[in-house]
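Asker: Take the sequences, apply the hints, and build the full model.
There are 2 protein chains.
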Amino acid sequence: MKEAVIGIDIGGTFTKYGVIDREGNCMAESFTNTTTHYNFDDYLKDLYDAIEKNMQFLKGQVEIKGVGIGAPNGNYYAGTIENAVNLNWRGIIPVSEKMKKYYPGLTIALTNDANAAAIGEMVFGGAKDMKDFIVITLGTGLGSGIVVNGDLVYGQDGFAGELGHINAHLNGRDCGCGRKGCLEAYASASGIRRTVFWLLAERMIDSELREVNFNDLTAKMISEAALRGDKIALEAFDYTGWILGSKLADTVAHNSPEAIFLLGGLANSRELIINPTKKYMEENLLPIYRNKVKILLSSLPDMNAGVLGAGALAWNELRRL
Amino acid sequence: MKEAVIGIDIGGTFTKYGVIDREGNCMAESFTNTTTHYNFDDYLKDLYDAIEKNMQFLKGQVEIKGVGIGAPNGNYYAGTIENAVNLNWRGIIPVSEKMKKYYPGLTIALTNDANAAAIGEMVFGGAKDMKDFIVITLGTGLGSGIVVNGDLVYGQDGFAGELGHINAHLNGRDCGCGRKGCLEAYASASGIRRTVFWLLAERMIDSELREVNFNDLTAKMISEAALRGDKIALEAFDYTGWILGSKLADTVAHNSPEAIFLLGGLANSRELIINPTKKYMEENLLPIYRNKVKILLSSLPDMNAGVLGAGALAWNELRRL
Numbered sequence: 038m039k040e041a042v043i044g045i046d047i048g049g050t051f052t053k054y055g056v057i058d059r060e061g062n063c064m065a066e067s068f069t070n071t072t073t074h075y076n077f078d079d080y081l082k083d084l085y086d087a088i089e090k091n092m093q094f095l096k097g098q099v100e101i102k103g104v105g106i107g108a109p110n111g112n113y114y115a116g117t118i119e120n121a122v123n124l125n126w127r128g129i130i131p132v133s134e135k136m137k138k139y140y141p142g143l144t145i146a147l148t149n150d151a152n153a154a155a156i157g158e159m160v161f162g163g164a165k166d167m168k169d170f171i172v173i174t175l176g177t178g179l180g181s182g183i184v185v186n187g188d189l190v191y192g193q194d195g196f197a198g199e200l201g202h203i204n205a206h207l208n209g210r211d212c213g214c215g216r217k218g219c220l221e222a223y224a225s226a227s228g229i230r231r232t233v234f235w236l237l238a239e240r241m242i243d244s245e246l247r248e249v250n251f252n253d254l255t256a257k258m259i260s261e262a263a264l265r266g267d268k269i270a271l272e273a274f275d276y277t278g279w280i281l282g283s284k285l286a287d288t289v290a291h292n293s294p295e296a297i298f299l300l301g302g303l304a305n306s307r308e309l310i311i312n313p314t315k316k317y318m319e320e321n322l323l324p325i326y327r328n329k330v331k332i333l334l335s336s337l338p339d340m341n342a343g344v345l346g347a348g349a350l351a352w353n354e355l356r357r358l
Numbered sequence: 038m039k040e041a042v043i044g045i046d047i048g049g050t051f052t053k054y055g056v057i058d059r060e061g062n063c064m065a066e067s068f069t070n071t072t073t074h075y076n077f078d079d080y081l082k083d084l085y086d087a088i089e090k091n092m093q094f095l096k097g098q099v100e101i102k103g104v105g106i107g108a109p110n111g112n113y114y115a116g117t118i119e120n121a122v123n124l125n126w127r128g129i130i131p132v133s134e135k136m137k138k139y140y141p142g143l144t145i146a147l148t149n150d151a152n153a154a155a156i157g158e159m160v161f162g163g164a165k166d167m168k169d170f171i172v173i174t175l176g177t178g179l180g181s182g183i184v185v186n187g188d189l190v191y192g193q194d195g196f197a198g199e200l201g202h203i204n205a206h207l208n209g210r211d212c213g214c215g216r217k218g219c220l221e222a223y224a225s226a227s228g229i230r231r232t233v234f235w236l237l238a239e240r241m242i243d244s245e246l247r248e249v250n251f252n253d254l255t256a257k258m259i260s261e262a263a264l265r266g267d268k269i270a271l272e273a274f275d276y277t278g279w280i281l282g283s284k285l286a287d288t289v290a291h292n293s294p295e296a297i298f299l300l301g302g303l304a305n306s307r308e309l310i311i312n313p314t315k316k317y318m319e320e321n322l323l324p325i326y327r328n329k330v331k332i333l334l335s336s337l338p339d340m341n342a343g344v345l346g347a348g349a350l351a352w353n354e355l356r357r358l
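The listed protein sequences correspond, in order, to chains Y and C.
The first sequence begins at 38 in the numbering used here and counts up one residue at a time.
The second sequence begins at 38 in the numbering used here and counts up one residue at a time.
These are calculated hints, taken from the structure and not from any lab test.
Careful, some of the hints might be misleading.
It does not matter which identical chain is meant; a pair holds if it fits inside one copy or across any two.
Stated by the list, open to error - Derived lysine-lysine pairs resembling DSSO-like cross-links, with alpha carbons at most 27 Å apart:
(1) 165 to 217
(2) 135 to 165
(3) 217 to 329
(4) 90 to 315
(5) 331 to 217
(6) 316 to 217
(7) 217 to 315
(8) 331 to 96
(9) 135 to 96
(10) 39 to 102
(11) 90 to 168
(12) 39 to 90
(13) 268 to 257
(14) 217 to 137
(15) 96 to 137
(16) 137 to 39
(17) 138 to 168
(18) 165 to 268
(19) 39 to 138
(20) 82 to 135
(21) 257 to 39
These numbers come from a predicted model, not from an experiment.
Answerer: Structure follows, in structure tokens:
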């Protein structure tokens with residue numbers, strides 16, 4: 038019987054899940070809605086039922102060895118989701134403990150979504166042969182998973198690796214965390230949208246983005262405008278790359294990683310974001326680090342990177358046993 | 038026979054060394070001059086002879102198991118000193134390899150001085166029970182040793198942990214590395230001296246420091262003036278703590294350490310530097326990290342912290358074998 042794990046990616050809107058073998062093949066994949074349940078126990082029961090139903094066809098072929106979960110504010114040490122502002126469940130939710138009732142005897146592990154992406158990159162992706170690297174997710178916010186000496190950096194409390202909240206600008210833009218000037222207020226799919234609106238105010242040049250209102254604007258639209266040569270869109274990418282690249286230079290001074298992988302909505306702009314980020318990172322590096330650190334696109338498919346990451350977390354735990 | 042290691046701390050001016058037992062007791066300690074030798078081989082021969090002579094009285098009582106070396110720009114992976122601007126020897130010096138000829142069969146390890154201090158703190162000092170912490174040396178420059186999951190962070194190239202060169206001020210003060218605005222241009226014994234001179238220019242209030250020229254001014258004098266209530270000196274400590282504390286908040290967002298230890302010249306000002314650093318770090322922390330991270334004085338004696346650190350490095354290597 039083939040061995041596999043279940044990977045669960047709890048997002049603000051959808052919960053995606055899949056059955057992942059040791060090579061990273063996803064044998065059954067589907068999703069449920071995260072927002073419909075205000076009671077976590079009800080959510081978990083429905084999720085379990087949905088998973089069971091969807092993997093029915095694998096019975097007898099696959100032996101499930103563990104369950105990996107990626108979630109916002111997921112705490113690896115405690116197996117909890119703690120005060121996640123984009124989920125319905127308040128306070129501290131003992132997810133792993135509750136999950137054990139549905140999967141008795143199995144290895145269950147939970148971490149935050151960006152950490153899961155980093156483990157996914159290490160186990161199944163472009164970081165297979167790396168011991169020191171960083172994954173940056175550029176979505177609504179900026180998430181990060183840091184790997185040092187082949188292990189995820191969790192710190193004393195399980196919450197290490199919040200690069201979205203290092204300071205990028207003294208008294209800068211409001212951040213969702215209640216402070217000002219955090220990196221994710223600039224370098225994220227939402228951040229570049231804010232940068233476009235700031236540039237539309239600063240500059241007097243034409244731009245197709247002057248026809249779009251704030252709420253309708255997406256990173257994809259900015260990317261498409263840039264590819265058509267729109268000067269505001271191009272400057273927005275340059276500015277975003279400057280902020281991100283110069284801050285990543287400081288991160289390199291901490292960890293000297295072999296590579297930094299970009300993933301998520303804004304990373305889909307590919308060279309538009311990679312090139313200025315790399316350029317400004319190099320310009321700001323201490324000489325000993327220059328021309329050593331790769332900026333790469335994640336090799337995990339964006340669509341199910343979360344599920345693969347969660348599955349990789351479970352496999353990684355099983356390996357350590 | 039008692040087991041011990043030799044710890045060697047190569048500094049810009051002096052090379053200190055000692056025989057260190059497993060408990061961190063220093064049984065023989067002395068120093069030579071680093072600056073008198075322009076040829077590394079000559080330096081090493083004289084150093085070896087001096088060590089042999091000084092530990093003559095321990096023969097028959099002590100069995101030397103290894104040699105640990107802390108040095109500026111020391112590369113742990115390669116056992117080399119690489120392009121150290123404050124030493125006479127240019128280029129890449131294969132220190133461990135050359136040392137092997139004098140100590141055949143022994144474990145020999147080399148790292149940079151701040152990393153050695155961090156290992157000293159872990160093996161003999163205040164971080165004995167910690168797996169995630171950082172040591173910051175505040176001397177002429179700012180050095181750092183970062184420990185994650187109980188291991189030093191070396192990164193892909195052996196040069197991780199250069200927090201002295203993260204950016205503290207866009208287009209700020211000239212730094213010895215050739216760039217501008219690096220943290221060590223503000224937060225170090227030299228940095229606070231520059232801050233005093235900047236404040237003497239900015240402010241019109243009296244200060245005993247108006248009687249001192251730049252070259253004569255020391256961190257100790259600033260510290261003594263502050264203790265006497267000198268307003269310029271007090272503001273200089275506040276400003277230094279603001280820069281250091283706000284940057285350490287970003288470092289916490291990387292690693293979430295249990296403690297940050299301060300060591301070296303400026304750390305001897307104790308509460309004068311600890312208090313504002315702690316205050317501004319807390320003010321700049323993401324809420325989940327608040328009131329969790331200790332700012333502590335190193336518990337290694339400043340006088341031989343380098344030698345103890347180098348000895349701890351050797352013991353740590355022996356433990357890993």
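Asker: Now tell me if each hint is right for this structure.
Answerer: Status of each hint after checking the structure:
{"no.": "1", "hint": "165 to 217", "in the structure": "neither (36 Å within a copy, 36 Å between copies)"}
{"no.": "2", "hint": "135 to 165", "in the structure": "neither (32 Å within a copy, 35 Å between copies)"}
{"no.": "3", "hint": "217 to 329", "in the structure": "between (32 Å within a copy, 21 Å between copies)"}
{"no.": "4", "hint": "90 to 315", "in the structure": "neither (45 Å within a copy, 53 Å between copies)"}
{"no.": "5", "hint": "331 to 217", "in the structure": "between (29 Å within a copy, 24 Å between copies)"}
{"no.": "6", "hint": "316 to 217", "in the structure": "both (26 Å within a copy, 18 Å between copies)"}
{"no.": "7", "hint": "217 to 315", "in the structure": "both (25 Å within a copy, 20 Å between copies)"}
{"no.": "8", "hint": "331 to 96", "in the structure": "neither (42 Å within a copy, 52 Å between copies)"}
{"no.": "9", "hint": "135 to 96", "in the structure": "within (23 Å within a copy, 63 Å between copies)"}
{"no.": "10", "hint": "39 to 102", "in the structure": "within (10 Å within a copy, 49 Å between copies)"}
{"no.": "11", "hint": "90 to 168", "in the structure": "neither (38 Å within a copy, 43 Å between copies)"}
{"no.": "12", "hint": "39 to 90", "in the structure": "within (19 Å within a copy, 66 Å between copies)"}
{"no.": "13", "hint": "268 to 257", "in the structure": "within (16 Å within a copy, 54 Å between copies)"}
{"no.": "14", "hint": "217 to 137", "in the structure": "neither (40 Å within a copy, 53 Å between copies)"}
{"no.": "15", "hint": "96 to 137", "in the structure": "within (20 Å within a copy, 61 Å between copies)"}
{"no.": "16", "hint": "137 to 39", "in the structure": "within (22 Å within a copy, 51 Å between copies)"}
{"no.": "17", "hint": "138 to 168", "in the structure": "neither (35 Å within a copy, 32 Å between copies)"}
{"no.": "18", "hint": "165 to 268", "in the structure": "neither (38 Å within a copy, 56 Å between copies)"}
{"no.": "19", "hint": "39 to 138", "in the structure": "within (24 Å within a copy, 54 Å between copies)"}
{"no.": "20", "hint": "82 to 135", "in the structure": "within (10 Å within a copy, 65 Å between copies)"}
{"no.": "21", "hint": "257 to 39", "in the structure": "neither (40 Å within a copy, 68 Å between copies)"}
Comparing the model with each numbered hint stated earlier shows that hints 1, 2, 4, 8, 11, 14, 17, 18, 21 do not hold.
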